[in-house]
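Q: So you can see what is in the structure, the chains are spelled out below.
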Amino acid sequence: MEYVDILTSASFWAAAIRIATPLIFGVLGALICERAGVLNLGIEGIFVVGAMTGWMAVWIGADLWTGVAVAAGCGAVFGLLHGILTVPLGLSQHVSGLGITLFATAVSYFTYRTALPNVSSPPRIEAFQPLDVPGLSDLPFIGPALFQQTPMTFLALALVLMVGFVLYRTPLGLAIRAVGDNPAAVEAQGLSVYGLRIGAVMVGSALMALGGAFLTMSAFDAFFFGMINGRGWICIALVVFASWRPGKALLGAVLFGAFDAFQIRLQNEVGGAIPSQVFLMIPYVLSIVALVIVARKADYPRALLQPYFRGQR
Amino acid sequence: MFVKQTAGWMRRAVFSAIFVMAAVLFSASYGVAQAAEPLKVAAIYTVPVEQQWVGRIHKALTAAEERGEITYVYSENTANTDYERVMREYAEAGNQLIVGEAFAVERAARAVAAEYPEVAFLMGSSFPAAEPNFAVFDNYIHEPSYLTGMIAGAASKSGKIGMVGGFAIPEVNRLMHAFMAGARETNPDVEFMVTFINSWYDPPKAKETAYAMIDNGADVLYAERFGVSDAAQEKGIFAIGNVIDTASDYPGTILASAIWHMEPTIDKAIAAVKDGTFKADDYGLYSFMEFGGGSLVADESLIDAATLDAVKAKEAAILDKSFTVEIDDTEPKSSQ
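Respectively, the protein sequence lines represent chains W and V.
Numbered by my numbering, the letters in the first sequence go through residues 1 to 313 in order.
Numbered by my numbering, the letters in the second sequence go through residues 1 to 336 in order.
Calculated from the structure, these hints are not laboratory results.
Nothing here was measured: the structure is a model prediction, and the numbers come from that model.
The beta-carbon is built from N, C-alpha and C at its ideal position, and this holds for glycine as well.
A few chain W positions that, by computed beta-carbon distances, are all more than 10 angstroms from chain V:
id : residue
1  : 62
2  : 190
3  : 291
DEER-style ranges, computed between Cβ atoms:
id : chain 1 : residue 1 : chain 2 : residue 2 : range
4  : V       : 322       : W       : 123       : 42 to 50 angstroms
5  : W       : 277       : V       : 328       : 14 to 22 angstroms
6  : W       : 115       : V       : 66        : 17 to 25 angstroms
7  : W       : 275       : V       : 132       : 34 to 42 angstroms
8  : W       : 269       : V       : 279       : 46 to 54 angstroms
9  : V       : 167       : W       : 293       : 28 to 36 angstroms
Cross-link-like lysine to aspartate or glutamate pairs, in silico, EDC-like; alpha carbons within 20 angstroms at most:
id : chain 1 : residue 1 : chain 2 : residue 2
10 : V       : 157       : V       : 189
11 : V       : 321       : V       : 185
12 : V       : 235       : W       : 138
13 : V       : 235       : W       : 221
14 : V       : 235       : W       : 126
15 : V       : 160       : V       : 189
16 : V       : 235       : W       : 132
17 : V       : 59        : V       : 76
18 : V       : 157       : V       : 185
19 : V       : 333       : W       : 269
20 : V       : 160       : W       : 269
Model the full assembly from the supplied sequences, consistent with the hints where possible.
A: As structure tokens, then:
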């Protein structure tokens, strides 16, 4: 009975969506990269970059939305680096991606420590506050669950629609999907494979950085070393779960958020009987189970992980 | 010609003046250096120095450096896989005292220490000291934690207290148990919700966990991690601080905090190394209230007078040893 109470409470779903928000950004970003045929394992590091730069911009004196833009821009720069290494140079996407994660994380920490060498507790900014949408926020159940979130959550939800629209309803989206399936055909159309792939990786990385920025500018108001805590890696798994589709990506992220919100509440309810580590495993175990069920039918972008060289067969 | 000669004479005069001054300064500084050669101390932290726990060690060492007693170098955010190497580097570099935290590298740290018997090691550890040079310390602030528990128990109207911890390891568990024992003294029927987030550094997750406890009826939170007090302030309930005093960041939210002072431990170790009496001792005891290693800060404007009196009486009882706070390192559980 307790479980039903948890699952039917509005605050539970509000928490699930809050936890899911950085994952929605990240999974959309990873999805765009992979749709264009490039796996981006730089995601974890790009999250750190976004978290650090967005927060730092606001701390220096920019307003919050400028901070969001700075985070996206810095993410795109690392995306450009990953793109150059993997697209025209055709290096291993795994190795380059992991390198980007290590490099981006280290650069972020270095910048943070250089700017703030002697702080006893991390400086705070005035973070995004939950929006009160007139009318909608007062609706029973839906109001507190969905309409008392911070603006960045709404941005994430809007991006799901935008990415879906661009990928499936525009010539650009067709070209991006094609470049991930059959780059030679795209080349035959007179489009630039390199341009499309690098562009997609940059946009995807910008979205990943927004996931990090959400953590320091919305979920919390300060930057900490190590606070990304594996959220980027979760997104890589969620893309497979989502079969590279934005709608399912949203579903996967919210599902993971719900698992996590559920285990937190379960620890309070029945924590006396079961070791805490079991609860902490729950979201990951359930994600793997979901992945096994869903991903068996997964329809990979055909040219994922394959570098394209002009004129080569 | 004449001009040039003058210049030469002046140059010689200036040179000799500089030489004399340099000689005086050198001998003077040499004399001072002989009197108090600063001890070479190095510290290795696995987390950044902003982290509460490590921050206390860093603060004590920085203070000793400012007093001129030591020279201080440190590495922060050192991966556990790198820990051994950094220990060796500092030992090879001629540091006389190496401070750190061996929790995740107990065996390796002891092995390295054994290879450098002339270097003194003072390590945070869950295990006993190792001969001849591996001394241990820990944040034994269970006494002030008990006192904060008394305040929390009295403040809770709903009878539910939420506790968010990092990892369920002895250094966290014992403070939580002491806190819970204190809360039961002032509120025997109090219930606890205990959640671990398995991270030292995930404030968004700590905050999310705190929200869940507040939804479940908690009206006092034990803030072991960054992020918990933020949730408490947002929802207008109280929080109890731990290790560091953050009351000024959350006005009206922090009822009381159990503060850890690393200075007695560090000062004792520095003195021991200097006079050559450093041994593989357990320095944990210098974190007890008796030695000034732990203390209670309370926001007296938020606590009722009767509770304050009871807490002060208990503090006196701890100090005169008529009351001992039990040390329990097992993992605390939520009340059923």
